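For what it's worth, the UniProt record's numbering labels the leading residue of the sequence shown as 1, then goes sequentially.
Derived by calculation from the structure, the hints in this document are not laboratory data.
Here the structure is a predicted model, which is why all the values come from computation and not from measurement.
Hints may contain errors.
[Claimed, not checked] Using 30 Å as the maximum straight-line C-alpha spacing, the simulated DSS-like pairs for lysine-lysine come out as follows:
hint, residue 1, residue 2
1, Lys277, Lys175
2, Lys149, Lys160
3, Lys337, Lys74
4, Lys277, Lys329
5, Lys170, Lys160
6, Lys40, Lys331
7, Lys304, Lys320
8, Lys199, Lys287
9, Lys295, Lys329
10, Lys329, Lys341
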Amino acid sequence: MIPTYHNVHNSFKLNGIHFDRENLLRVAYSFIKEGEDFQKPIGEFLLDWFDDRAYIDLQTSGTTGGPKTIRTSKQAIVESAIATGDFFDLRPGNKALQCLPVHYIAGKLMFIRAFILGLDIDFVAPSAHPMENNDTKYDFVAMVPLQAKNSLNELKNVKKLIIGGSMISKVLEKKLLKLPTKVYETYGMTETITHIAAKQLGEHAFTVLPNITISQDFRNCLVIHAPRISEDLIVTNDIVELVDENQFVFIGRYDNMINSGGIKLIPEQIEDKLAGKIPARFFVIGKPDELLGEKLVLVVEGEKQTIDETVFEVLDKYEKPKEVLFVPKFKQTENGKILRKESSQSIL
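Whole structure, please, built from the sequences with the hints as guidance.
Right under this line is the structure:
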């Protein structure tokens, strides 16, 4: 029998203590009235999850088009949790760590997976160093790249780590590949109820979770068919290369594409070639130009510095920046994903 959103698995533990639905509601009220700042939104979420409504409202991170609220079926979220459990072979009693903000879907899903799959979950305040002074051994942990970067010394205690929210840099990937931990990069968004695909570091293509298939639209953008999660096809703005109906390679965002003199340039491909060659965070973007329509510029975070021209030798002729611009501090989402247009607005 498929679990429903009313259920709490009898193996579920929160910070080492068994809780059923009624006791979780008491904990929720306690968090709201007497809890620390990071516990209050957890209490509010628990009350929302276990109320009589069949839906819950989710907040997007605002990477494109600004933050918005999406109303989602609770049973669809349960199906997502089950698919994650099947994909990563999670079992009742597995030890998990929740260290993500509960304002967004990724943080909520860690709790819901624990309710539904019967995980023994610890939760800590969301921070850049979530495993600091923690030597507990975990079967399953979810982080954003910054948290993983700051937890390299502790990740030996984690069997499986999923990383989402923003792309994993080549520099971080090399460090993570040296660990005994199985590390996965995930692909998803709020509209897909967090991840719908994942790939173990070192693999080229993402593999979709159970009961999901994929295709492309006329722009070569990913189209997701996930009937247990959404009645409608989910059309993304992510340009992909299809391996088959279950695997794809992410190429870049359609809305980031630069048309320079009729040449279509994909920023993510250029940034991937430059990874590790520039000693600061950076991205490339199109700047209005009378002759080309858009010219490719490199935007670097921090004070103005000299960029050695030899770093651009890895790029094709049309991929080389026509200009290098500097921004003191990039704007970003709470997950650490750079907001390109907002960050470069003052210089473009």
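Consistency of the hints with the structure:
1. Pair hint Lys277 plus Lys175 holds up; C-alpha atoms about 16 Å apart against a cutoff of 30 Å.
2. Between Lys149 and Lys160 the CA atoms are separated by roughly 15 Å; this keeps the pair inside 30 Å, and the hint holds.
3. At most 30 Å may separate the alpha-carbon atoms for a hinted pair to count; Lys337 and Lys74 meet this at roughly 27 Å.
4. For the given pair, Lys277 sits about 19 Å from Lys329 by alpha-carbon distance, which is consistent with the 30 Å threshold.
5. This hinted pair checks out: Lys170 and Lys160 have alpha carbons roughly 20 Å apart, not beyond 30 Å.
6. Note on Lys40 and Lys331: the hinted pairing holds, with a Cα-Cα distance of about 27 Å set against a maximum of 30 Å.
7. Distance restraint check for Lys304 and Lys320: the Cα-Cα separation of roughly 19 Å lies within the 30 Å cut-off, and the hinted pair is therefore satisfied.
8. Proposed proximity of Lys199 and Lys287 is contradicted: the alpha carbons are some 34 Å apart, above 30 Å.
9. Between Lys295 and Lys329 the CA atoms are separated by roughly 22 Å; this keeps the pair inside 30 Å, and the hint holds.
10. Between Lys329 and Lys341, the direct Cα distance comes to roughly 13 Å. Compliance with the 30 Å bound is thereby established for this hinted pair.
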